[in-house]
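**Student:** Turn these sequences into a full structure, and let the hints steer you where they fit.
Chain order of the listed sequences is A and B. Heads up: the first sequence at position 208 corresponds to 236 in our numbering, and the numbers run straight through without jumps. Heads up: the second sequence at position 168 corresponds to 1192 in our numbering, and the numbers run straight through without jumps.
Just to be clear, a hint being listed does not mean it is correct.
Some chain A residues close to chain B (C-beta under 7 Å, calculated; not the full set) [to be verified]:
1. G58
2. W170
3. N172
4. H174
5. Y261
6. A262
7. V263
8. P312
9. V313
10. P318
Reference listing, derived: stretches of chain A covered by chain B, where coverage requires no fewer than 3 residues with Cβ under 8 Å from a Cβ of chain B [stated by the list, open to error]:
11. 63-77
12. 297-311
Note that these hints are calculated values from the structure, not bench results. Using N, Cα and C, we set each Cβ at its ideal position, and we do this for glycine too.
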Amino acid sequence: MMAKALKNRDLLLGLVLIALVLAIAARFPGYITPTNLEGIFTDTSILIILALGQMLVILTRCIDLSVASNLALTGMIVAMVNAGAPDLPLAALVLLSALIGLGLGSINGVLVWTLGIPPIVVTLGTLAVYRGVIFVVSDGEWVNAHEMSEVFLNTPRILFLGLPILAWVAILFVLIVAVFLRWTRTGRAFLAVGGNPTAAVYAGLDVGRTQFLAFSISGLLSGICGYLWVSRYAVAYVDVARGFELEVVAACVIGGVSIAGGIGTVTGVVLGALFLGAVKNALPVIGISPFWQLAISGTVIIVAVVINARQEKTAGKLILRDSHRTH
Amino acid sequence: MKLLKTLAASTALAIGLGAAAAQAETVRIGLVVKALGIGFFEAANQGAQDAAKELGDVEVIYTGPTSTTAEGQIEVINSLIAQRVDAIAISANDTDALVPALKRAMDRGITVISWDSGVAPEGRSVHLNPSSNALIGNMCVKMAADVLPDGKGDVAILSATPTATNQNIWIEEMKKVLPNYPGVNLVTTVYGDDLADKSYRETLGLLKSHPEVKAIIAPTSVGIVAAAQAVADEGKIGEVMVTGLGLPSEMAGHVQSGASKSFAIWNPIDLGYSATMIAYNLATGKATAEPGGTIPMGRMGDLTLDENLDGAMADPFVYDASNVEEFAKIF
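**Tutor:** Quick look at the structure:
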């Protein structure tokens, strides 16, 4: 029974997460109060949404390093639009952020699909490009709290059934992606394409198109997170979320998504993101020297990955010769 | 070396005197900024014009490159030399790159000072700092003490990275003046790494782990904004006050919300005013630049020079609900 449970990666990660929370609570009891746990979930919402998009990309054997730059650029643009036209309804701004994000994501997708450039190279490039464009559009200026409209700033903070809208948005996306991956034909294609591209091609799936789709969805989610981020911290500037892409990838890896593609669950990714969120929110309250904090969070991540990623797939026997990828 | 420098300075001064005497009526001062079109420097120009009006026989030529490059400033300096101005007061884009051009200006008898952002000592006579580390540290603690009920309570610092030099110096200075504020009890320093999200999270953590903290000092412009937002989101406005160093345009919203009552940063108007006063007094020979000496700066008092001919203008300027809106338009 126990041995069987330990083989279920998601369950195992869930147990590790609970153990972590209890261990932190032993040092700082206030950590485990419902309000604080709610706070951690809300704080992790953006990471969860981004990690979901990243998971889709990684499933297809790619990686998207441009998510944080995409988020920052989109966030800056919607903040500037809001500052310039405060009467524009929020729905229009959210739609705008989704469209910009989608556009930026599909640029990655097109480059990977049609030109066949390795995804890590493409997204490293766009990581820098998008970050640079922020400076161009903003001139290095900040958009500050008092320039943004009340609705823009406060909507994600509105409480609904005890949780802020921000958290509900994350829950909504978790459900959508879960249903998408489990029950739609396109969703299943992500797993198939990453698990065995050769077989996927023989099954009539277009690998490049699926990868394009993954990048587009990841971009779309990053764009929406751009708005959420800017409203949460009430400021938009060039350096917003710099380096956050690594945290997003880390959440996926901790969550058991295989970098080799084809393996990953929504539950795992959510737990992986929450795990990181729990650590990030614990460090400020347990009173550890800031010099140790980075080392500790790094170590904790490695331990989590080791526990969770031991069981790698038993590689299927390759009976057909590797087909050349069709473009 | 030092002798040479003093010699160079005094020769420059002597020639400067001659030039001023030849023109007799107006003293022309070139106020060179990092780049045109920046609110902070426009405000400094406003101060410089105030000084010119007060002095009467001064014309301020406000100029600078269109982007913040040393090359652009060198062109501007060359053109000022060609115009035979009496003094150049510059906020430099590069400490060393401007030295040759400015030396040439001094050779022609032009008084050169730097302000805000300095030039290496061999390229100018005096450098005017907006404030000094000691004054900044003291002001931070004073603002916190002012918002504490009866000046008594726990205070925490939200800094940038644990290795940021300026932050650590200011925190050091704050600790030095703590004995002067017996009610202020500094409980901890946390580090937000100058990232909005980390600073926000650190502030939330701080509010939880030290619920008795009544004031947060954030001597960093990213940190102070994030801390104010975190305090507002936790519903602790009025209970916990955020103060420190920030820009009026970035803090205006948080002063309005009440999360921050006051914060400080240099006042660019005063800075432009003082730079002009110093340039005038040196160019006309009413004051000399020597280590340990003083130079009058009109309504801003006297500038005291250290051994590098550096001086600090004044306490950082405090912004609160009464003036933040006005300055938010400037920078």
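**Student:** Next, verify each hint and record whether it holds.
**Tutor:** Now the hints, each set against the structure:
1. Hint on G58(A) holds. Least Cβ distance to chain B is approximately 6 Å, under the 7 Å limit.
2. Checking W170(A) against chain B by beta carbon gives a least distance of about 6 Å; that is within 7 Å, so the hint holds.
3. Annotation: interface hint on N172(A) holds; nearest CB of chain B at approximately 5 Å, less than 7 Å.
4. Given hint, H174(A) at the interface with chain B, holds; its Cβ is 3 Å from that chain's nearest Cβ, closer than 7 Å.
5. Taking 7 Å as the C-beta cut-off, the interface hint given for Y261(A) holds, the closest approach to chain B being about 4 Å.
6. Evaluation of the A262(A) hint against chain B yields a held restraint, the C-beta minimum of about 5 Å falling below 7 Å.
7. Interface restraint check: V263(A) against chain B, minimum CB-CB distance 5 Å, threshold 7 Å, status holds.
8. This hint holds: P312(A) has a C-beta 2 Å from the nearest C-beta of chain B, less than the 7 Å allowed.
9. For V313(A), the interface hint holds, the least distance from its beta-carbon to any beta-carbon of chain B being 4 Å, beneath 7 Å.
10. Given hint, P318(A) at the interface with chain B, holds; its Cβ is 4 Å from that chain's nearest Cβ, closer than 7 Å.
11. Check result for the region 63-77 of chain A against chain B: holds, 3 residues qualifying (beta carbon to beta carbon below 8 Å, three or more required).
12. Check on the region 297-311 of chain A: 3 of its residues sit with their Cβ under 8 Å from a Cβ of chain B, so the three-residue criterion for coverage holds.
The structure meets every hint from the earlier list without exception.
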